[in-house]
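> Hey, can you work out the whole structure from these sequences and the hints?
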Amino acid sequence: MIVRPRPHWLHLLFVRHGSILHLILPQLLCALAFAIGVTVLHGQVLQWKIPLNFVPFSLIGLTLAIFLGFRNGTSYSRWWEARVLWGTLLVECRAAMRHALTLVDGPEHAAVLARRLIALAHALRHQLRRSDASADLARLLPPEEAARVGAARFPAAMLLQMAGEWLGEMRAQGRVAAPLVPVLEAPLAQLGSALGGCERIASTPIPFTYSVIIHRTIYCYVLLLPFGLVDAIGPMTPVIVAFIAYTFFALEALGSELEEPFGLAANDLALDSLCWTIETAVLESLGRSDGPPQPQARNFQLT
Amino acid sequence: MIVRPRPHWLHLLFVRHGSILHLILPQLLCALAFAIGVTVLHGQVLQWKIPLNFVPFSLIGLTLAIFLGFRNGTSYSRWWEARVLWGTLLVECRAAMRHALTLVDGPEHAAVLARRLIALAHALRHQLRRSDASADLARLLPPEEAARVGAARFPAAMLLQMAGEWLGEMRAQGRVAAPLVPVLEAPLAQLGSALGGCERIASTPIPFTYSVIIHRTIYCYVLLLPFGLVDAIGPMTPVIVAFIAYTFFALEALGSELEEPFGLAANDLALDSLCWTIETAVLESLGRSDGPPQPQARNFQLT
Amino acid sequence: MIVRPRPHWLHLLFVRHGSILHLILPQLLCALAFAIGVTVLHGQVLQWKIPLNFVPFSLIGLTLAIFLGFRNGTSYSRWWEARVLWGTLLVECRAAMRHALTLVDGPEHAAVLARRLIALAHALRHQLRRSDASADLARLLPPEEAARVGAARFPAAMLLQMAGEWLGEMRAQGRVAAPLVPVLEAPLAQLGSALGGCERIASTPIPFTYSVIIHRTIYCYVLLLPFGLVDAIGPMTPVIVAFIAYTFFALEALGSELEEPFGLAANDLALDSLCWTIETAVLESLGRSDGPPQPQARNFQLT
Amino acid sequence: MIVRPRPHWLHLLFVRHGSILHLILPQLLCALAFAIGVTVLHGQVLQWKIPLNFVPFSLIGLTLAIFLGFRNGTSYSRWWEARVLWGTLLVECRAAMRHALTLVDGPEHAAVLARRLIALAHALRHQLRRSDASADLARLLPPEEAARVGAARFPAAMLLQMAGEWLGEMRAQGRVAAPLVPVLEAPLAQLGSALGGCERIASTPIPFTYSVIIHRTIYCYVLLLPFGLVDAIGPMTPVIVAFIAYTFFALEALGSELEEPFGLAANDLALDSLCWTIETAVLESLGRSDGPPQPQARNFQLT
Amino acid sequence: MIVRPRPHWLHLLFVRHGSILHLILPQLLCALAFAIGVTVLHGQVLQWKIPLNFVPFSLIGLTLAIFLGFRNGTSYSRWWEARVLWGTLLVECRAAMRHALTLVDGPEHAAVLARRLIALAHALRHQLRRSDASADLARLLPPEEAARVGAARFPAAMLLQMAGEWLGEMRAQGRVAAPLVPVLEAPLAQLGSALGGCERIASTPIPFTYSVIIHRTIYCYVLLLPFGLVDAIGPMTPVIVAFIAYTFFALEALGSELEEPFGLAANDLALDSLCWTIETAVLESLGRSDGPPQPQARNFQLT
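Same order as they appear, the protein sequences are chains A, P, X, H and W. Using my numbering, you'd call the opening residue of the first sequence number 1 and step up by one each time. Using my numbering, you'd call the opening residue of the second sequence number 1 and step up by one each time. Using my numbering, you'd call the opening residue of the third sequence number 1 and step up by one each time. Using my numbering, you'd call the opening residue of the fourth sequence number 1 and step up by one each time. Using my numbering, you'd call the opening residue of the fifth sequence number 1 and step up by one each time.
Be aware that one or more of the hints could be misleading.
Pair by pair, the computed Cβ-Cβ distance ranges are [said to hold, decoys possible]: (1) PHE14/H / PRO7/P: 55 to 63 angstroms; (2) ALA111/A / ALA138/W: 27 to 35 angstroms; (3) ASP231/H / VAL3/P: 52 to 60 angstroms; (4) VAL3/H / LEU264/X: 16 to 24 angstroms; (5) HIS22/A / PRO7/P: 51 to 59 angstroms; (6) ASN299/W / PRO7/P: 40 to 48 angstroms; (7) ARG16/P / ALA111/A: 51 to 59 angstroms; (8) PHE14/H / PRO51/W: 49 to 57 angstroms; (9) SER131/P / PHE14/X: 53 to 61 angstroms.
Note that these hints are calculated values from the structure, not bench results. Bear in mind that the values here come from a model prediction, so they are computed numbers and not experimental data. Idealized CB from N, CA, C, for every residue including glycine.
Spelled out as structure tokens, the structure:
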């Protein structure tokens, strides 16, 4: 995630970090070169003048707008839903700790729940990014618990079950009255939903066929565009083609980044920071402030 | 569902699996042939020149954009809602198992609930796809239970009721305290909602009249288009008509696939995989890993 | 509701059932006749040539698109929300029966609840369609209960209250433990919300002023359009005017049908079938299969 | 709120009640007079011909469509959310009465709750419309309760608190078992949310700056439009300008009415009728039918 | 937040407070000056006539509309969600007080909860605005509590935990029966969600790359526009360019204000007033009316 104060409007025209230009440069240069070629040849291919004007592009614009607007809106919705789900993780970890500390006889037992919740956040992050969780698990959990989680196919769900086991033990030991169990279970149910929501976003992309149709339509459009403009605006054709291609390619590339919000691209969610926040908040509820140091942005970017 | 890593931008222009081209090829060829005919005849029909230019197509574009945008957005919403409902199935099966294992005296009874939940997912899949559930039911349930489910008009709802009966028995045997029953009931209520939501999507299509209006508008548009373009762009008319027809037909065909998300078309939901995930997750909560093998994608496609 | 398999793309161009053409034929013929008149007179009225071209229609299209898109989206949302509410009725009737059968001592009492729930669905259907519920009430309820419901201003709400009275009696008789009452109350609360939601949609149309503005704008547009086209496309003017008018009128007529989803028009909800499903599902939960026969589609239409 | 059956399509073109024309007539006549002036002078101001064509209006249309579509959608959403919240009031008043009558020992105490709920609806109506609630409070409540509510800064919230006090008394007197209190509290919590939602809509308009930008853009557009059209369509200019101005002004005026849904304008919510429905429904749950007479529409309008 | 009655339509054209003009004046004057220069030079740069017409601007308008509509809608959604969350704070503080006063033995203890809830609202306001909360905390809390909150990294979450501790003490002292604890916990859980939602909006901006792309596209558009218009409308070019630039810049600036709804800009939320409302409502529930004076609008603006 890119975090930077909004630059002055002149500066914003030329910022480098946060621009998506470097991702689409090859395509953009191809489009520009092709448009220059068409302009130089006055729209002729093998002595034959391609007859085109702006009309077809207006008409194609109709469906293209639907596709691009849909793709952009859907990608952003996925990104924002993922952010909301991680916000829910934080909120419910706090709630679970509040209950454990105030409604259970013997608040010293809350530390066991705390470490399982913190580990849950880290395990989910690793699961979503397909990275190795073992270092974090070893740091946070006793060896046998870390081994049990490490062997699970769904590590985050296993940690949630272990949080449920903690509650079961508290109940069995009579430390929590039966009518209070629903209160303590509620955050766990919410955590389960948030966890399942993240898995859903990670495992179900936007239907692949959309990408194919949008991609083909955009490239055909950009390929044909110089022939449609060259008669009307002559040498300005490459400038305009590059400008239009820039907006198309940028929209497609940004949608592609946001669509999978758990990655490490510039605009993806800062899961490292979110895990740090959860860890710090859970520890603070215990009155501790000995958590790891806060992740810092590098080139205005948090991971 | 098509699962494949995003290809390089050049490769994406020519992928075969995931494209929808094969579904719309007949219409597309018809449109192309017709446009070629019109171009060859210079827009004349029986010696009479059809007088048309681009203006009517801009004006028709107004309502067409509304129709197509609506159809696309609504179809996708149905598809995504269906996916969310199946995600809920997974989440609530896990929650029900967590409760059964931690809040009920005698966790060995959880196995009975587990097999009913797994059978529920499979039965719902077969119900939505109108396929035969008996093999899966026989694999998962004791004969008398399988018979009872097989005879039911709503097999998934019957399995949910049997999950409720399990809870009623646990309560009657005193294995679960009365104040805990609401906790154990909550996932069953959620499962009931998810199940009802799937039935709703499967039984209620987008009003059929939309399909008729959109279909007719698109085909009239494509039929008239060559007459409107031929004077301005001459021999490029067939190329542009085919391009525009491709975007229209693809949008319609994709909407038609997504509208009924429980089928077996390329972009429909991978219910087989989702059932496998639910089965594996429920078994893992019991500490078992002896579930069936994971379904593999064939030609990048999961069913 | 129209239920039919999607016809072949050629057949879909000419289907009769499901088309909305018969509803808008008078207006469409008026528009066509007017456009033919204008074309014959070459756009002259009393020797005065009306000077118009396509430009005003592009500009008017701006607000027209907003109005039509809004109207279409809002009408569909009302229709779909109504469908979701009826889906909730089914889900919660099943949940109430599951609780009555598994959490109440003496499952034979569930039959009383069952008949009140079935009657609730039928009473709501009649209330929304302003039809006479007495035959259905007499079929389902004992005479004194039927009389009480028949005398009520809000019959469905009265039946919900009677379902609550059943729960109150079960509690008073000690057949259900106090901590379980919240579980049994939950579906009743959901039924109350669904019922209130249906009443809300039925009693609150889309603000009438929208209909007036949209209607006037469309008809002025269609009235002026021939003058704007006749100079450019001559004898094709009536064809194009009829085509554009068809899309406008069809969009308005379909929106008008979906806006009030509880009626008997072709695209309205199939409340008869939904009531049948609820009745069958409730009876099935009791192990009975002696409900009424399933309503059959007539000309592909369910009511 | 305007309630009238949908008139015939010819009649709908000329209805008076429900049209918004009388609100925008001054601006519309100004725009028309200005356009006539420009047409008579052939677009010249002080001998200088203003050079304009339709192009700028197409380009401005881009942002104008965004503004108008946003304003229209947001205003309607506020109006509909307000309606949903009042629907919730009705649903939860019914639920509270159902619980009071079936889950409390001594159903005669429910009358106290009933009058507080009815008074709550009326007090909220007066609070939202900034009208004097004292007559309604005096009619519904004992003097000391009316005085307490009348002195409160948030009268509706005070009545909700008094409903909570009723529940507290029932519990203190042992008329309701502790595990049932959550059931009886749930509707009160929902009423609190609905009440807060209404206060939120009433106290937070759409950001004022939107109104300013939209207003200025529309009026500049309409002011410049005759110069852009007069060369192309000559004497038809005033007709088209008036038509386009009508759609802009009507959209703005309707948005302005719906944005504040609790007022007394033609399309605002019929709070009087909604309060009557709540009062009647609450009394009906007590078996009484002696409520006030139903408000009747005047000129098709309910207040 | 700007609160003013809607001015007359003539007055609204010239209001100063509430306009966003002063924020975009520099850019606007630059654009105007540039357009005047281009007009004077008849579109020539260094003796070379830049060949452009309106066509490219129509085509660019396609993606620009998607970007601007998305940005505007998303910014408003964030603003409105933030408002809803603060409305939830008010609703749940009232609910918590209602429970504390009616369901706890010894209503005099509610004062402790009251001051923690009031402090929570103020602490959240300061946290979101990054201002110093110590004066407000000292005013509202005993010194040791103020110190504990002041030392916390998440002060609002700390106050919520302290509200939970109050509930835990009430339970430990036997002042609240176990089955009632879920009722009293519910508002705290809602407060935790609202608080987390505000933190989420404050910490996660719209992806920065959107700002970059939109900004660059708008400025390129405005830079090239005079060359595209000067041949067609000559001396009117600067007027139209300034008009179009005004709508673009205003949309961007307003989106930028609403995107971060917790600041002090003209259209940001009036957190001071919202905190005052919460404080007054909580005190009123205790029967007190000795809260601070109501914040008054200055130049129609509440902070």
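> Hints first: check each against the structure and report whether it holds.
Structure-based check of all given hints:
Evaluation of the 55 to 63 angstroms hint for PHE14/H and PRO7/P yields a pass: the beta carbon distance comes to about 60 angstroms. Against the hinted window of 27 to 35 angstroms, the Cβ-Cβ separation of ALA111/A and ALA138/W comes to about 32 angstroms, which satisfies the hint. At about 58 angstroms, the CB distance of ASP231/H to VAL3/P agrees with the hint of 52 to 60 angstroms. Between VAL3/H and LEU264/X the beta carbons are some 20 angstroms apart, a value that agrees with the proposed interval 16 to 24 angstroms.
The hint said 51 to 59 angstroms for the Cβ distance between HIS22/A and PRO7/P, and at roughly 20 angstroms that hint is violated. As the Cβ distance of ASN299/W to PRO7/P is approximately 57 angstroms, the hint placing it in 40 to 48 angstroms is violated. In this structure the hint that ARG16/P and ALA111/A lie 51 to 59 angstroms apart at CB holds, the actual value being about 56 angstroms. A hinted range of 49 to 57 angstroms for the beta carbons of PHE14/H and PRO51/W is consistent with their spacing of about 51 angstroms.
Hint check: SER131/P to PHE14/X, Cβ distance near 33 angstroms, so the stated range 53 to 61 angstroms is violated.
Going through the hint list in order, the structure does not satisfy hints 5, 6, 9.
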